[in-house]
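**Q** Model the full assembly from the supplied sequences, consistent with the hints where possible.
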Amino acid sequence: MSSVECLGGYGSFPELAESTFDEDEVIVAAAGPTTILAVCKKAGVLGWGRAFHGELGPSRTSLRWRAPIASVACGGTFVLASSETGQCFQWGNGVEEPVAVDIASPVVQAAAGEDHALALTSDGVAWAWGENLHGQCGAPIDILNIDAPAHIKHDQRWKHVAAGAHHTALITLTGELYTMGWGLYHQLGHGSTADLFAPECVTSLLGVGDYRDGAFSGLTQVSCGAWHTVALTTTGDIYTWGWGQHGQLGGPTLKSHVFPTLVPVEDTFVAIACGTRHTAALTSDGFLHRWGFQPPSDQIVAGKSSDPNTTHSKLAVPRCVRIAAGGYHTVLVHK
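Per this note's numbering, the sequence shown starts with residue 821, numbered consecutively.
I should point out that these hints are in silico values taken from the structure, not numbers from a laboratory.
Accuracy of the hints is not assured; some may be wrong.
Distance windows between CB atoms, simulated [stated by the list, open to error]:
1. GLY1056 x SER942: 42 to 52 angstroms
2. HIS1132 x GLY914: 37 to 47 angstroms
3. ASP1105 x ALA968: 43 to 53 angstroms
4. ALA1136 x GLY914: 13 to 23 angstroms
5. ILE961 x ALA863: 16 to 26 angstroms
6. ALA887 x PRO1072: 22 to 32 angstroms
7. GLY1106 x MET821: 17 to 27 angstroms
8. ALA1018 x ASP967: 36 to 46 angstroms
9. GLY1034 x ARG977: 18 to 28 angstroms
Restricting the straight-line Cα-Cα distance to at most 20 angstroms, the calculated cross-link-like pairs of lysine to any residue (SDA-like) are [what the hints assert, rightly or not]:
10. LYS979 x PRO926
11. LYS979 x THR897
12. LYS862 x PRO888
13. LYS979 x LEU993
14. LYS973 x LEU1004
15. LYS862 x ASN913
16. LYS979 x SER1012
17. LYS1134 x PHE1113
18. LYS1075 x HIS1010
19. LYS973 x CYS1021
20. LYS1075 x THR1055
21. LYS973 x ASP943
22. LYS979 x ASP962
23. LYS861 x ILE847
24. LYS979 x GLY1027
25. LYS979 x GLY944
26. LYS979 x ALA887
27. LYS862 x ALA887
28. LYS1155 x ARG1139
29. LYS862 x MET821
Glycine residues also receive a C-beta, built at the ideal position from the N, C-alpha and C atoms.
**A** Spelled out as structure tokens, the structure:
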């Protein structure tokens, strides 16, 4: 049996009781600005929260269709899902029923920004569509919007993609990080506030991770908030950069970081998730760190509370196996 716990959210979510998942298994969860979605083996995709554009489907409580869903991603007003067979679906933006997205190769991961979508296919190719105002889709500056998935042109092949509000991050097969899109708050990690319309390597992260066979293994995961970015190395370290006014970068001050900076915590991390103005990270020994804006909530399943004046908290979560972060909430999947 699985359970889903929500921390924060200003009471936007009904109680996510364990009985909801009785004799079912939660495969993965995702969080949007005001929504939570959970993919269950038996029940399909379940949703909670406040949706104004059809993100939670026709009933706003559950979505079921024939293709078994492997993952979901929540955008500003839309949702992406990938099936176990590599199909990609999208709904929201006024469309309540899932619509198949035409991509040539099987999709293994999807990511969603405020108004742009990303898909990673089994051949290591990244696809993007939606708003390109800041270059977040990797198209030229004169293209403001992409209606259908377009190949992000680059010589690299990718193993992981992430979407912020208006920026994009991609990890290569060998663990290097590339970013593009909106750069005003240094969230791209290149030391500049300029927008980028094609992926560029974050060179300050070269040389992180394990040293194997004459090269560093680099990164395993990257997550993007609205104005900041967080990266997880193969050795379990976390680097953060971008806007830090609420403490979301995890350091001893509220300063912003122009370049990726190591978070000074002596823990080994296994998962990260960025919300709008906060960061969550799960350790290998079952603790959850949260940095940044942490609003109170009257709908916290486990009865915990958060002080909005506290920029860092650490909770024991021994059964937690996955995390996600939304606008002002953090989601935990427990086994």
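**Q** Do the Cβ positions of ASP1105 and ALA968 conform to the proposed distance bound of 43 to 53 angstroms?
**A** 45 angstroms, holds
**Q** Is the straight-line distance between the alpha-carbon of LYS979 and that of GLY944 20 angstroms or less?
**A** Within the cut-off at roughly 6 angstroms; holds.
**Q** That 37 to 47 angstroms hint for HIS1132 and GLY914 (C-beta), does it hold up?
**A** At 39 angstroms between Cβs, range holds.
**Q** Given the hinted pair LYS979 and ASP962, is their alpha-carbon gap at most 20 angstroms?
**A** 28 angstroms, violated
**Q** Hinted pair, alpha-carbon criterion (20 angstroms max): LYS979, GLY1027. Please report holds or violated.
**A** Measuring from Cα to Cα gives roughly 18 angstroms; hence the hint holds.
**Q** Taking the beta carbons of GLY1034 and ARG977, is their distance inside 18 to 28 angstroms?
**A** Holds: the Cβ-Cβ distance is about 20 angstroms, inside 18 to 28 angstroms.
**Q** Checking one constraint from the list: CA of LYS979 to CA of LEU993, max 20 angstroms. Satisfied?
**A** 5 angstroms, holds
**Q** LYS973 and CYS1021 were given as a pair; does the straight-line alpha-carbon distance stay at or below 20 angstroms?
**A** Within the cut-off at roughly 14 angstroms; holds.
**Q** Taken at face value, is the distance from the CA of ASN913 to the CA of LYS862 at most 20 angstroms?
**A** Roughly 27 angstroms between the alpha carbons, so the hint for LYS862 and ASN913 is violated.
**Q** Between ALA887 and PRO1072, does the C-beta distance stay in 22 to 32 angstroms?
**A** Taking Cβ atoms as reference, ALA887 and PRO1072 lie about 47 angstroms apart, which means the hint is violated.
**Q** Does ILE847 sit within 20 angstroms of LYS861, going by the straight-line distance between their CA atoms?
**A** Given that 20 angstroms is the threshold and the Cα spacing comes to 7 angstroms, the pair holds.
**Q** Is LYS1075 close enough to THR1055, meaning Cα to Cα at most 20 angstroms?
**A** Outside the cut-off at roughly 25 angstroms; violated.
When the structure is compared with the earlier hints, violations turn up for hints 1, 4, 5, 6, 8, 11, 14, 15, 16, 20, 22, 26 and for no others.
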